[in-house]
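K.L.:
For reference, the chains in residue letters:
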Amino acid sequence: MKHIDDLSVRVIAGCSLADLQSKALPPYAPEAVAFLTAWSKQLLARPDIRAYPDAASFAYWCRPANLARLQRELGSERLRIGRGVALHIAPSNVPVNFAYSFAFGLLAGNVNIVRVPESLPAQADVLCAVAHDLLIQAKHARIAAMTTLLSYPRDDALTQRLSAAVDVRLLWGGDQTIQNLRRMPTSPRCVDIAFADRYSLCLLSAPAVLAAEIKVLQALTVGFYNDVFLLDQNACSSPHLIIWQGTVQEVEAAQARFWSAMQVLLNTKGQSPGIHAVDKYTHLCRTAILVKGTKATPTADNRVYRVALDELPENIAEHRGRFGFFFETIDNDLAQLRRIVNMRYQTLTCFGVDEHALAEAVVLHGLAGIDRVVPVGKALEIGVIWDGYDLIRAMSRIVATQ
Amino acid sequence: MSNLEKYVSAFTSTFLVDESALAHLKYQDIAAWDSVGHMSLMAALEEAFGIEMDIDDIIEFSSFEVGRTILSKYNVQME
Chain Z
1 MKHIDDLSVR
11 VIAGCSLADL
21 QSKALPPYAP
31 EAVAFLTAWS
41 KQLLARPDIR
51 AYPDAASFAY
61 WCRPANLARL
71 QRELGSERLR
81 IGRGVALHIA
91 PSNVPVNFAY
101 SFAFGLLAGN
111 VNIVRVPESL
121 PAQADVLCAV
131 AHDLLIQAKH
141 ARIAAMTTLL
151 SYPRDDALTQ
161 RLSAAVDVRL
171 LWGGDQTIQN
181 LRRMPTSPRC
191 VDIAFADRYS
201 LCLLSAPAVL
211 AAEIKVLQAL
221 TVGFYNDVFL
231 LDQNACSSPH
241 LIIWQGTVQE
251 VEAAQARFWS
261 AMQVLLNTKG
271 QSPGIHAVDK
281 YTHLCRTAIL
291 VKGTKATPTA
301 DNRVYRVALD
311 ELPENIAEHR
321 GRFGFFFETI
331 DNDLAQLRRI
341 VNMRYQTLTC
351 FGVDEHALAE
361 AVVLHGLAGI
371 DRVVPVGKAL
381 EIGVIWDGYD
391 LIRAMSRIVA
401 TQ
Chain H
1 MSNLEKYVSA
11 FTSTFLVDES
21 ALAHLKYQDI
31 AAWDSVGHMS
41 LMAALEEAFG
51 IEMDIDDIIE
61 FSSFEVGRTI
71 LSKYNVQME
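These protein sequence lines map, in sequence, to chains Z and H. Residue 1 is where the first sequence starts when you use the working numbering, and the numbers rise one by one after that. Residue 1 is where the second sequence starts when you use the working numbering, and the numbers rise one by one after that.
Just chain H, same shape as in the assembly (with noise of 0.2 Å):
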């Protein structure tokens, strides 16, 4: 699996969302992304990526794109 697809399998497995929903989503747009949410989400990336993300990341990840770039800062490219 490369890299952008073990995280948009994170979000679609976290949230069940649509694959087409997560260009543009951003946290608190859906019920599932709520703080709890949140929680899963990071949880799943980190072991997805065997990373440990600092807490400013954790609050500054506020939508699919900017995670991307969020991640890049852990050597997790994504073409």
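Same shape as in the complex, but just chain Z (with noise of 0.2 Å):
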């Protein structure tokens, strides 16, 4: 590796750059998955980390049955080693986003050098803050050598200087971002790993809605929600679209047994802030002009939008809207969804169908996009799996034998 100077950036947790150390470990190496697993005791013993739910998820995600999960799933037929030195451009979106990709890395067996959006909720300082008192530690003093925390204002030239000095970067953040990034020169060998803007959908069985048990439907309103509200509809993953499929009667029938249950679940969670709904107005009057066919159905508080089509157009996400603006349709032989999707679908969820069946779809249509199905309230759970990508993999090389 070059040597990387001590640039103006505020260290938050790890070494300095200039201290950095840029010997690579096998994947799941003993001490990273120390560190990473007293991380996660750590959070999760804290009191306060019951407000962050979030963190709470990438401390339990980090637990040691987990991780020896994940190394199994790896396999050890071939000997890896990380490719050297990551960074990592996390996104502001999400706010716990930083540190998946931090572990993604480290769990890769890479030198990690982690930007840190700058003005991020108090989960993330959580987060570093827990992170920075582990790595003074002696017993921890494999990985702070590897590890660089930081944070700084926007800077091309500075992020130009990190990326030339790297083996892999992981990008996250919007197409223009990205772009600008991917412009920026690399050495010859860098993996550029990258993580764009993405759309998410959602496949919901009206005759299993009808036919749930008042529990099943419960947990699926929570799960619906968690998907959706607990990031504002902001993540690449959140859902925008809800796909139905059943006769009309059922559909309809399943529409106001949701969407009634959902309003009963959202009743318990406090006000909505104003702005928010002033957001899906204006979005909904920006639809009505923009989209052919738009039939909104009358909302109760503001909470939830929705739009009915019969045919959805093409470009239908770059309708998206936030907040829980959703547009609705019926599709039963998912000639519709076969119409609409590009590269930027990523996460479907489901509900009452067989996700490998919609998986195997994606595949024998030979679909440009969909990367995941889950079911609904698993939207959100990043893993080493991706965008489609396999993450530990991508970012180990192989040293190979005959």
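It should be emphasised that the hints constitute simulated quantities derived from the structure, not laboratory data. Be aware that one or more of the hints could be misleading.
What the simulated footprint calls covered on chain H by chain Z, stretch by stretch (three residues with Cβ under 8 Å from a Cβ of chain Z suffice, anywhere in the stretch; the number is not a length) [to be verified]:
1. 27–39
2. 50–63
Selected chain Z positions facing chain H (Cβ under 10 Å, derived; list incomplete) [to be verified]:
3. K41
4. L44
5. A51
6. P53
7. S57
8. A68
9. G174
Just so you know, these numbers come straight off a predicted model, no measurement behind them. Just so it is clear, CB atoms sit at the ideal spot from N, CA and C, and this is done for glycine as well.
Take the two lone chains and join them into the complex the hints point to.
P.N.:
Quick look at the structure:
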């Protein structure tokens, strides 16, 4: 690795850029696992973690049993080692994303430089503070020497110097950010893994919704709430479009049942900010002008805006709303789905349909998008397989023998 | 420490409740055993017994009593 000078950055945890040592580790190295599981344990033991379910989920993901399972899934047929130094440009729309990105890089065996966005909510500070406290301990010295969590205001020259010095870049952000980062020169062997803007949708079986016992229906609404409202529909994997399956009568009855159950749940969640309602209302007006056949369903209290469409326009992904804004349609043979899906499509959440069959349909029809089919409630559960990449394999190299 | 002691200790240290309150304790009976508390408890139990629990068992782990039965599947016997 090229030596990286101490640039004008704020180091949040780990060592300075100048002190970073470049030796990689094999994937799931004991030192890396020991650090991540200690991080997990410290976080889960904090009384204030209850206020931050996303940070708690990260900590839970890093628990020893889960990392052991992931290590087994990677297998040991091949001799592997981290690619070297990984630069992570983390996004600001998902507060705990930088921690996952860092964990993936570390588990793959890399030295990690993680740019943490400057204005993140409090749970990011908690994650950083706990990481810092662990990394100054002697037992995590090896990991501290290969970790720099840092922060700096937007500065392309600085990002450029970092980019030139690393072997892997994990780039999270909007399309423009990614394009800008891609233009920066990197070493010839550098691997870029880019997570650009994505679009996600949900498929619900009307007969299944109608047949669901009350407990199952409640669990469905809680899952849907978490997928959508925890991050105000800003996450790439939060659904914006709901595809229903069933006869028109079944779908109408299922919609009535589902949305009134959603309303019951939303009523327990306190008020949503007025500005969100304004955002949805103006978006509805815009949609009415731009999207042919828009039929708005009356909203009870501005929390959920629903637009019914008989026929989805091909560019439906460009009309995504936020804070609880949905398009709904009926598509029993997936003909509409096949027409609209392009490489922007990421997560398909579903209820009452066979997710494996849906995943197989993506392959069978040669769709350009959809890299994830998971049950409703799992949209935000990020893992080592993300955006169609196997991140541990992509961020490590194979040392081959015959 | 016996298995039962470890089991009790995972609850008392995670939820900061008295041992006497455990016998009939169910998920969401107390503020500490919410969805986040549940994650902490599952991580504590996995660590205490050196096991990896299946997702179905984690979901069905709805009370102190039910948990004892679930853990018996992982060869954690409590007398």
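K.L.:
Broken hints, numbered, in rising order?
P.N.:
When the structure is compared with the hints, only number 9 turns out to be violated.
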